[in-house]
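Start from the sequences and build out the full structure, keeping to the hints where you can.
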Amino acid sequence: MMITVSVIGAAPAHAESSSKLDGNSFANQARAGKLSERQAETLQEKVDAYLQKTGGKQISLNEIEIDNGVLKVAVPGEAHPRDFVNAPTSVALASRCLDGQYNGWFCAFRSTGFSGDTLEWYNCGTYNMPWTGYGSWRNNQTRGTVAKFINASGGVIYSTPGAYSSSTSYNWTPVYKVKPC
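In my numbering, the protein residues as written are 37 to 217.
It is worth saying that the hints were derived from the structure and are not from the lab.
Just so it is clear, CB atoms sit at the ideal spot from N, CA and C, and this is done for glycine as well.
Wrong hints could be hidden among the right ones.
[Said to hold, decoys possible] Simulated crosslink set (DSS-like; lysine-lysine; CA at most 30 Å straight-line):
id, residue 1, residue 2
1, Lys70, Lys93
2, Lys70, Lys213
3, Lys213, Lys184
4, Lys93, Lys82
5, Lys93, Lys215
6, Lys184, Lys215
7, Lys82, Lys215
8, Lys70, Lys215
9, Lys89, Lys70
10, Lys82, Lys70
11, Lys70, Lys184
12, Lys89, Lys213
[Claimed, not checked] DEER-style ranges, computed between Cβ atoms:
id, residue 1, residue 2, range
13, Ala85, Leu134, 21 to 27 Å
14, Val182, Gly113, 34 to 40 Å
15, Gly191, Ala68, 28 to 34 Å
16, Thr162, Tyr138, 19 to 25 Å
17, Asn64, Lys89, 23 to 29 Å
18, Thr78, Thr168, 29 to 35 Å
19, Glu101, Gly191, 24 to 30 Å
So this is what it looks like as structure tokens:
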């Protein structure tokens, strides 16, 4: 199986696509995960699109180190990202925000109900939101910590309740940045 990388336009200077990393290891992860060639190609296309949009470094078949956190990408058609390094045939990669309360993480999910592609942040900072539409979030940080959602002009449009808190459905469209602390 060969994983191809298709890049449209120039990548941000800080982005590393899989062509600059060990593509054989990603191909091995896809084989171990029993992905068809088409599934592997489609997953890599999603990863490449995120790399184009956000930069970062691809660290596994479906994970990107990004903004002091990790962006985990679900195989198209699957509800949750997989762990292709440790459990490649498992259909779900446990999110750090699903593992219990007050573990220090804030997670944003691409889809409602804590599913789809997942952004996980631990450190305080202000981070870009790469998607729009309805998704969800889980504030699993230190007890009482509030996350802020910021619009295009830099204004706070929503502050979450203190940790632990969550929303199974949230409209990411007006959110340009997230400050999880």
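- List of violated hint numbers, smallest to largest: Violated hints: 2, 8, 11, 15, 18; rest satisfied.
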